[in-house]
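J.: The chain contents come next:
Number of protein chains: 2
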Amino acid sequence: MAEARTIEIARLFHALGDPTRRAILDRLSDRPHSVSQLAAPLGITLTAVAQHLQILEECGLARTEKVGRVRTCQIASEGLDALEGWIRAHRTPWERRMDRLGELLGGGSS
Amino acid sequence: MAEARTIEIARLFHALGDPTRRAILDRLSDRPHSVSQLAAPLGITLTAVAQHLQILEECGLARTEKVGRVRTCQIASEGLDALEGWIRAHRTPWERRMDRLGELLGGGSS
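Listed in order, the protein sequences are those of chains Y and U. Read left to right, the first sequence gives residues 1 to 110 (my numbering). Read left to right, the second sequence gives residues 1 to 110 (my numbering).
If we strip away everything but chain Y, and leave its shape as in the complex, we get:
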């Protein structure tokens, strides 16, 4: 739960602007993948995947870990949390109140 790093919002939106990086996140949100498991279905090289992953790691959207010879990637929450914070900050005061009300009523907006 230690999340001290500040995520730059410009970097985050730059990372998410790329369709291949979003496709990588689509897969990672299901389950962790190795770099080669990501490369094959996307039809891109291991080097390209590694470059995209580096950008995703830099803004807290993915995390990779090398175990033996295999680098495993998973989705990270830091970037998603930063994005959610940005959304919250941009809702109108009225909407922020409605959000609170939704939470109090136990709903969430599914």
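Because the hints were derived from the structure by calculation, they are not lab data. This list has only true hints and no planted wrong ones.
Output of the computed footprint for chain Y on chain U, the stretches with three or more beta carbons under 8 Å from beta carbons of chain Y:
1) 6 to 20
2) 74 to 81
3) 88 to 96
4) 100 to 106
The structure displayed is predicted, hence computed values, not measured ones. Cβ coordinates follow ideal geometry from the N, Cα and C atoms, glycine included.
Take the given structure of chain Y and dock chain U to it, following the hints.
T.: Quick look at chain U alone, frame taken from chain Y:
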């Protein structure tokens, strides 16, 4: 509360990738502005503001309304809702459960 339009996520991230458009949203999240109120502090032309606003409108992030001779812009929730849906869909199953727990405990993650 009628929100039938489907917001394309690619369009949304494209819109949010631009720093001027994010600066416009920063201002609109405070309160509605006229087009000229937006143009002056950003140092851009009315035409440029209008073009950015069109892109923001197309993905449900802003709404404009013409009253008399003045076009007033405000933030719209559709785009923010779509973005939040995307975030939720990309959290890991474990995290989605933690989110639910947070809601049950009445917190939210402020």
